[in-house]
Amino acid sequence: MTTSSRFLLAALALSGFAALAQPALAAGGAEKPPRQKWSFSGPFGTFDRAQLQRGFKVYREVCASCHGLEKLSFRNLSQPGGPGFTEGQVKTLAAEYKVMDGPNEAGEMFERPARPSDRFPKPFPNPEAAKAANNGAVPPDFSVIAKARTYERGFPFYLFDIVTQYQEQGVDYITALLLGYEEPPKGVTVEPGLHWNRYFPGNKIAMGNPLVAVFDDAGKPHDAGFYTDGTPVTREQVSRDLTAFLMWAAEPKMEERKQTGTKVILWLILLAGLLYLTKKRIWSRLEGAH
Amino acid sequence: MAEHHSTYVPKTGFERWLDARLPIVRLMHDSAVSYPVPRNLNYFWTFGGILMFMLVSQIVTGIVLVMHYTPHVDHAFQSVEHIMRDVNYGWLMRYMHSNGASMFFIAVYIHIFRGMYYGSYKAPREVLWILGVVIFLLMMATAFLGYVLPWGQMSFWGATVITNLFSAIPVVGETIVVWLWGGYSVDNPTLNRFFSLHYLLPFMIFGVVILHVWALHHVGQNNPSGVEVKNYKKDTVPFTPYATVKDLFAMVCFMIFFAWFVFYHPNFLGHADNYIPADPLKTPAHIVPEWYFLPFYGILRAIPDKLGGVVAMFASIAILAFLPWLDTSKVRSGKYRPWFKFAFWTFVVVSVLLGYTGSQPTDKVVLSIGGRTILDMVGFAQILTAIYFAYFLVALPLLGLIEKPKALPASIADSVLGPAGSGHIAGAHAAPPKH
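Sequence order for the protein chains is W and G.
1 is the number of the first residue of the first sequence in the working numbering; add one for each residue after it.
1 is the number of the first residue of the second sequence in the working numbering; add one for each residue after it.
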């Protein structure tokens, strides 16, 4: 390769990415969320089973009354690459929920305990009911929310992200949001029904601080035994656990994907090496070959 | 290729029988085995094969996705998640398909810029080049239609913005938009027809690709020296095994790049907003097209007038088809054209910067002195748009007349071996080598 063709390659690689679209969540006034450490980041990342189980507990006890998880079924909780509940545990858990089924032979709908194959029931029967119960705002479903939120990385950081594989913008943002409730700065009025949050785009968020369900104003848990596995019950820990669970909910095949990827890429590298040697050998038949 | 005669010899009785009735094996042999390839092609010439691979990959993954996808406004988003969660290797098919679109465009942009740098559009390759522009247009249409199908926020609002462009056409604009939508807004009929067309267009691309390859094999490949093949024995090598193995190697390298995104970083090239189900009542803060449309989107927004913007955007693509006649230079390859080189690289940088302007809010300040805005994003895009068109309408016509090109090599073989060494080339001739 000549210098100019190498330059061409570099410039074209750049042209592909330098102009990448900026995420649409760029409304002013919000700080960039701090980077967290996640067990599932990087090419060999896996979910921390215990963390997902704790996160599910947080979801269930704090969020589920308003936020659905409608694309997930109970059975997903015992699938490989997930929180690692046993099938028995999932059966018991599902049975605690009621779902509508039918019609039966008499032509009537009936309620029955949920089975592992059922999807998580929606918290509200329709968006209007959700609005009515939440000051006019519909609480978003949580199934893919970890992939549906992000923050602007800005040039040139998104180029570095290709190499470092940093793709946890969504979970970093959600964790920061959960910890970002504060008193508004002096001189700023927050309208009734809204709350001040350092990390929310525009800073005024309809959702009240959800962590008050677990912690008092001083940051002490109402129930010191909230976690049963000995993990300290802190605001940071609870936020991270919930967020990790949401990441798994959004991408339940992530572990399978990354692990398959490593095998595929190693195989392709080997194949490329063999093809390169074959190519060299064949082209060496020519005089002045390059 | 007048000089290139078929070297196919049917070996079995059946092959002789078939060859007399339908010489399909001969056709394949002549176009993929004995087809003479200039011996000095660099790796930028492997992108044609890579594009063929991407087209097939998109069609195969797409056909599988269709088996599980539901084109209905109430079910589309859900059915994509169903593919991701419940279909065996559905996540692989879907991520290959969504990232494959980006890979397809990366490869096509390299392919196009390569053709522009080495003057591959010049006689006798004008029709070959124009067919390429047609493929590029069809690809853009297909990618746009496909991005609408998951029915996320960016799908819906992207479709709304782009279809609304047609309303700029005088008199009949509004009627055309209603006709495109199948109603008075982007809704279920729109999704259904977009799905239908998204399935149709790739096969049309395939058809034009066949014409593109036919034209290529008729006139022969251009090469980095831009000098035509003079002596088949000295200047070319048979496609198989020389080009076959080189193309395969490049293709596998490209697959590694592709796999990096599919397996490790599958949402990098997409928008987070498209994981929010479409909501006609809630406009996203910024509606931004996929990265491969950004330079054209930048041109669209550079013109303050709606119709003017639409015309400029379509003109920026259509002008490519006129390249063979806008470039007045007799010398094909940019390698021997010092001033052209400067113009070309300026054009590349301007295209990238146009993409950047397309990704940014229009009122963003680019340059300010003492708090006074000197240049905002629209102004910047206007300057870049002017340079973009100047490349085609000023630089290329003028440079051919005033530029003094460097001396060209006498032949392809000379460009590889130098004038002295081109006498004896063992094993290099446009027929299958003997083993």
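Be aware that a few hints might be false.
Said to hold, decoys possible - Which residues of chain G face chain W? A few of them, derived with a C-beta cut under 8 Å, are: (1) Glu-81; (2) Val-245; (3) Cys-253.
Simulated from the structure, these hints should not be mistaken for laboratory data.
Heads up, the beta-carbon is just placed ideally off N, CA and C, and yes, glycines get one too.
Hint check results:
1. Glu-81: holds, 5 Å
2. Val-245: holds, 5 Å
3. Cys-253: holds, 5 Å
Consistency note: the structure conflicts with none of the earlier hints.
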